[in-house]
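Number of protein chains: 2
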Amino acid sequence: MKKIAVILAGCGVYDGSEIHEAVLTLLALDRAGAEAICFAPDIDQHHVINHRTGEQMNETRNVLTESARICRGAISNLASIDASVFDGLIIPGGFGAAKNLCNYAFKGAECQVNDQVVAAVQSFHKAGKPIGFLCIAPVIAAKLLGYEGVELTIGSDAATAADIEAMGAKHVQASVEQAIVSPGTKIVSTPAYMLGPNIGAVAKGIEALVNKVVELA
Amino acid sequence: MKKIAVILAGCGVYDGSEIHEAVLTLLALDRAGAEAICFAPDIDQHHVINHRTGEQMNETRNVLTESARICRGAISNLASIDASVFDGLIIPGGFGAAKNLCNYAFKGAECQVNDQVVAAVQSFHKAGKPIGFLCIAPVIAAKLLGYEGVELTIGSDAATAADIEAMGAKHVQASVEQAIVSPGTKIVSTPAYMLGPNIGAVAKGIEALVNKVVELA
Chain A
272 MKKIAVILAG CGVYDGSEIH EAVLTLLALD RAGAEAICFA PDIDQHHVIN HRTGEQMNET
332 RNVLTESARI CRGAISNLAS IDASVFDGLI IPGGFGAAKN LCNYAFKGAE CQVNDQVVAA
392 VQSFHKAGKP IGFLCIAPVI AAKLLGYEGV ELTIGSDAAT AADIEAMGAK HVQASVEQAI
452 VSPGTKIVST PAYMLGPNIG AVAKGIEALV NKVVELA
Chain B
272 MKKIAVILAG CGVYDGSEIH EAVLTLLALD RAGAEAICFA PDIDQHHVIN HRTGEQMNET
332 RNVLTESARI CRGAISNLAS IDASVFDGLI IPGGFGAAKN LCNYAFKGAE CQVNDQVVAA
392 VQSFHKAGKP IGFLCIAPVI AAKLLGYEGV ELTIGSDAAT AADIEAMGAK HVQASVEQAI
452 VSPGTKIVST PAYMLGPNIG AVAKGIEALV NKVVELA
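Those protein sequence lines, which keep their order, are chains A and B. Residues in the first sequence are numbered consecutively from 272, following our numbering. Residues in the second sequence are numbered consecutively from 272, following our numbering.
So here's chain A without its partners, still in its complex pose (with noise of 0.2 Å):
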């Protein structure tokens, strides 16, 4: 049984993981026979949103014991993540992605990623191993592995697609149902929530994504 890690940033689409992203990720995991373990940084968020206004709220909530809430407390600190004993990575999307994981969010092209973010998927790209990027996760490939030329997609979004391109890495667009493997190496992605529409249609391009990680693993 392949086993691949998801990397989660919270739990909710403005200040954590996209949760439908990551549940609709262990659910296609699961259907492709793979196993599926989570990891979280052990940090604060950098702030949390009250979903129903979108305003923030007066509080602190780590990173680490939110995302438990999306794999009912199956989770290990990111800080532990050993390339080695996993076939492949995938990180979902969300606002979290680009505000914990990275600081994509308020920084756009000039971000930094998160030191861990970087092991990991530095770690796994050098061991020839597929990672998965969702939403507007791939940000974070095109900050890592831009100087590659690596190819990504988060759909249509003509500003972030500038940033993609700013960073190195080359734009492709794509539906919400498909999977974008760039051409040479193991990097997939697709647009999930940054098209939308609706969750059925998030999850045909998420189950193409990891049924293509767990393919290449």
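Please note: incorrect hints may appear among the correct ones.
The list makes no distinction among identical chains, and a pair is therefore deemed to hold if it is satisfied within one copy or across any two copies.
With a straight-line Cα cutoff of 25 Å, these simulated SDA-like cross-link-like pairs (lysine to any residue) come out [to be verified]:
1) Lys273 to Asp315
2) Lys475 to Arg302
3) Lys475 to Gly304
4) Lys475 to Asp313
5) Lys475 to Glu448
6) Lys273 to Glu330
7) Lys397 to Pro468
8) Lys273 to Gly467
9) Lys400 to Val389
10) Lys475 to Glu486
11) Lys397 to Ala354
12) Lys475 to Ile308
13) Lys274 to Gly467
14) Lys475 to Asp301
15) Lys274 to Arg323
16) Lys274 to Thr324
17) Lys273 to Lys475
18) Lys400 to Gln449
19) Lys475 to Glu306
20) Lys475 to Met272
21) Lys274 to Asn469
22) Lys274 to Ala429
23) Lys273 to Asn469
24) Lys441 to Thr336
25) Lys475 to Asn374
26) Lys274 to Ala437
27) Lys400 to Glu486
28) Lys274 to Pro468
29) Lys273 to Ala345
30) Lys400 to Ala488
None of these hints come from the bench; they were simulated from the model.
Chain B: place on chain A using the hints.
Relative to the frame of chain A, chain B by itself:
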């Protein structure tokens, strides 16, 4: 397009709605061609559980605000639900169903159900509209509709089955992939994570339940 109301109970298996069950309900409704509209009561959670450690946290969270994370903000106050504009109702499981929507987790067969949940279940039932209960949520059906001898399943857990019978309902054993319709009614139940053991198996039972609710709607 049939409109199905979904009542959430927070965001996370130990103190709110079981996230996989809620998301898989939304996915199955979309795939069945139905529209999902989410509701939750505007009340404090019974408590907040750290999902890594299982320990209680010294925090207060609101059921409606946290539930909004599961549906990307598209949620309404349960106080405003009007059965006449919907074709059916579904209540996912997780401890939130037994701690926030009722107090079964603490009182067993002597539990009380939240007034707004009582009103919602009774209004859909009296209007002859289908209601689906997942996981532990059938205890709510047992409490409110047990006097009719309704048939329910929570899988095979003996203690919970005994409580369901103590409330006047009949418990029937079922596998995780089954959805049970109580004879002569439109009350549907499936064990979900009361049995598990994994997201793929749970998804099959939830899809069966959702398809049955939509068919009966």
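Against the structure, the hints come out as follows:
no.	hint	verdict
1	Lys273 to Asp315	neither (31 Å within a copy, 41 Å between copies)
2	Lys475 to Arg302	both (13 Å within a copy, 11 Å between copies)
3	Lys475 to Gly304	both (17 Å within a copy, 15 Å between copies)
4	Lys475 to Asp313	neither (31 Å within a copy, 34 Å between copies)
5	Lys475 to Glu448	both (5 Å within a copy, 22 Å between copies)
6	Lys273 to Glu330	neither (38 Å within a copy, 39 Å between copies)
7	Lys397 to Pro468	neither (35 Å within a copy, 35 Å between copies)
8	Lys273 to Gly467	between (29 Å within a copy, 21 Å between copies)
9	Lys400 to Val389	within (15 Å within a copy, 52 Å between copies)
10	Lys475 to Glu486	both (16 Å within a copy, 24 Å between copies)
11	Lys397 to Ala354	within (10 Å within a copy, 56 Å between copies)
12	Lys475 to Ile308	both (22 Å within a copy, 22 Å between copies)
13	Lys274 to Gly467	between (28 Å within a copy, 20 Å between copies)
14	Lys475 to Asp301	both (15 Å within a copy, 12 Å between copies)
15	Lys274 to Arg323	between (36 Å within a copy, 21 Å between copies)
16	Lys274 to Thr324	between (38 Å within a copy, 24 Å between copies)
17	Lys273 to Lys475	both (21 Å within a copy, 22 Å between copies)
18	Lys400 to Gln449	within (21 Å within a copy, 38 Å between copies)
19	Lys475 to Glu306	both (19 Å within a copy, 18 Å between copies)
20	Lys475 to Met272	both (23 Å within a copy, 21 Å between copies)
21	Lys274 to Asn469	between (29 Å within a copy, 15 Å between copies)
22	Lys274 to Ala429	neither (35 Å within a copy, 35 Å between copies)
23	Lys273 to Asn469	between (29 Å within a copy, 16 Å between copies)
24	Lys441 to Thr336	neither (35 Å within a copy, 39 Å between copies)
25	Lys475 to Asn374	neither (28 Å within a copy, 38 Å between copies)
26	Lys274 to Ala437	neither (33 Å within a copy, 44 Å between copies)
27	Lys400 to Glu486	within (11 Å within a copy, 44 Å between copies)
28	Lys274 to Pro468	between (30 Å within a copy, 18 Å between copies)
29	Lys273 to Ala345	within (18 Å within a copy, 36 Å between copies)
30	Lys400 to Ala488	within (6 Å within a copy, 47 Å between copies)
Hints 1, 4, 6, 7, 22, 24, 25, 26 from the list above are not met by this structure, while the remaining hints are.
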